[in-house]
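Asks: The primary structure of each chain is shown beneath.
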Amino acid sequence: MTLAEILASLFPEGHDVAVTDGLVAGDGPFWGGRLAVIGVDGNTALGVEGACRLAGCVLDVVRRGGGTPILVVVDSDSQRMSRRDELLGLNEYLAHLAKCLLLADRGGHPTVGLVYGHTAAGAFIATALATRALAGLPGANPSVMDLPSVARVTKLPLDRLEAMAKDTPVFAPGLDNMVRTGAVHAVLDPAQPLGPQVAALIDGLPAADTRDALGAERGGRPVAQAIAAEVARGARLG
Amino acid sequence: MSERITDPRAASWYEASARARIDGLLDPGSFAEILGPEQRRMSPHLPLFDLPRAFDDGMIVGAGRLDGRPVLVAAQEGRFMGGAFGEVHGAKLVGLLRAAPALKPAAVLILFDTGGVRLQEANAGETAIAEVMRAIAEVRAAGVPVVGLIGGRAGAYGGGGLIAGTCSRLAVSEGGRISVSGPEVIETNKGAEEFDSRDRALVWRTMGGKHRRLTGGADAFADDTVAAFRAAAIDLIGRAPAFDLVTLEAEQARLEQRLDRFGDCRDAAEIWGRLGVNDPAAVPGLTAADFDALLAGLAETTHDAR
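Heads up: the protein sequence lines correspond to chains A and B, in order.
Its first residue numbered 433, the first sequence is counted upward by one per residue in this note's numbering.
Its first residue numbered 4, the second sequence is counted upward by one per residue in this note's numbering.
Quick caveat, the hints were computed from the structure, so don't treat them as lab data.
Quantities reported herein were computed from a predicted structural model and do not represent experimental measurements.
No residue lacks a Cβ here, since even glycine has one placed at the ideal position from N, Cα and C.
Any given hint could be a false lead.
Just so you have them, the derived chain B footprint on chain A, three or more residues with Cβ under 8 angstroms [unchecked claim]: (1) 435–445; (2) 459–470; (3) 528–541; (4) 555–567; (5) 613–625; (6) 638–651.
To be clear about the criterion: a stretch of chain B counts as covered by chain A if any three or more of its residues have a C-beta under 8 angstroms from a C-beta of chain A, and this derived list gives those stretches [claimed, not checked]: (7) 89–98; (8) 208–215; (9) 223–229; (10) 236–245.
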């Protein structure tokens, strides 16, 4: 689905969501209230300015209060890779955006992510992965790094990586693999109106972070949940 | 052999192993590891890639005392897989952070030394980083400071840089580098004209501890010794910001101002000049004491909401 199709499906009565320089911001009427939307469209790389603007939008929602839920829509590149972005402290900008989403969520603004295109690495962590529940649409392609780059870094032949990718969800790019590791909670049905599906996600938001439990259940992250639980149980102050 | 007779606190943080850093950082003999190497909780994925495993997966977690106060501690071992986040590595940190809101330690200390996500376990590592950031928000909201210490060989790159940006306070040394895309990644993707990764002076200037401290990306600059990081950690715990709207609005203003003031700068030396540093070229050579004296004369460096 394109962003226009997604917005039309979410807001059949119309909306005030606009895209500027690949950044998505605005809101629309949703189940008797409003749904705020922020995000990245058009495979845009997320740099310092973009992260700062989106974070400002999130803080505006929090300041207005009222428990308005926030949908984070993502079709992005990775973080913008440049000397200038790193010189200016890109890690702080991306972390700030994630923190604003985490604060909003804690403050009663349910946060839901929706990946409908590509996204990768730091841009993924700062946006969709900082929401309480992340959904995907068929055709979405979230990844950490594409296989040719993985081949370069790991010095493994690409054909071998491609063969391994078929049955090893823990490292291979793609929506299915992110579902299996528990990062993506659910895949939405583009043939049905998205409004009720997003509303159902908001109603069913888990109280705690359940991604490692999902990863164990779905087999994509076999040990993370058990390890985290074991460490948490074993922690005692001396 | 010389390690046994050397004062662990005089050791170089950069050169020390993760365990040596913890030993020297905390009160002597106070550290109790959780899920230690004897438990052999190794990566289930690395054998697929014919890669050696570590009994602790490069992450050491536990509890101890700092200046008499109880703390939780996590340390990454940069010598194993560049300290990268794999499934077990990440889950150990997630578990430690999840214990903190109920235990209410004086702080959680994270000793960063990481290149980011371990590509052989990329999806697990990426998801773990997101879980860590959510857990840090919960810990901070419970009133427990999360203090990051950065001065290892691998720096704090990729998702490690984002986690660092989520901490309440950060101490960094000259050798500590904080960044999202590393020099090699930028060069590979954008070319050597954009970033020449072999130009080490450029790397330190753009991502190194002094630049981050000068521009507000870190709260303390430490000498490269375990003792200096200990002193910095003790100090930072006492002045950690709350995790609330006031702090994040102040951070928003801080980051917007940085773009306004320095958005057109091409090099760190230009930024330092605009900050009021008289001789930017001399900054890389300053000792920690001289650097602190320089900082004291610059107003912006106290602007540290995060």
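Asks: Next step is simple, just say for each hint if it's right about the structure.
Replies: Checked hints:
Here's how the segment 435–445 of chain A fares: 0 of its residues keep a CB closer than 8 angstroms to some CB of chain B, so the rule of at least three is not met and the hint is violated. Beta-carbon proximity to chain B at under 8 angstroms applies to 0 residues in the segment 459–470 of chain A; the threshold of 3 is not reached and the given coverage is violated. For the segment 528–541 of chain A, the stated coverage by chain B is satisfied: 8 residues place a CB nearer than 8 angstroms to a CB of that chain, which reaches the threshold of 3. Counting residues of the segment 555–567 of chain A whose beta carbon lies closer than 8 angstroms to any beta carbon of chain B gives 5, which reaches the threshold of three, so the coverage claim holds.
Check result for the segment 613–625 of chain A against chain B: holds, 3 residues qualifying (beta carbon to beta carbon below 8 angstroms, three or more required). Check result for the segment 638–651 of chain A against chain B: holds, 4 residues qualifying (beta carbon to beta carbon below 8 angstroms, three or more required). As drawn, the segment 89–98 of chain B meets chain A at 7 residues by the rule of a beta-carbon pair under 8 angstroms; at three or more, the given contact holds. Here's how the segment 208–215 of chain B fares: 4 of its residues keep a CB closer than 8 angstroms to some CB of chain A, so the rule of at least three is met and the hint holds.
For the segment 223–229 of chain B, the stated coverage by chain A is violated: 0 residues have a C-beta nearer than 8 angstroms to a C-beta of that chain, whereas at least 3 were required. Residue count for the segment 236–245 of chain B with a Cβ under 8 angstroms from a Cβ of chain A: 0. That is fewer than the three needed, and the coverage hint is violated.
Violated hints for the displayed structure, listed by number in ascending order: 1, 2, 9, 10.
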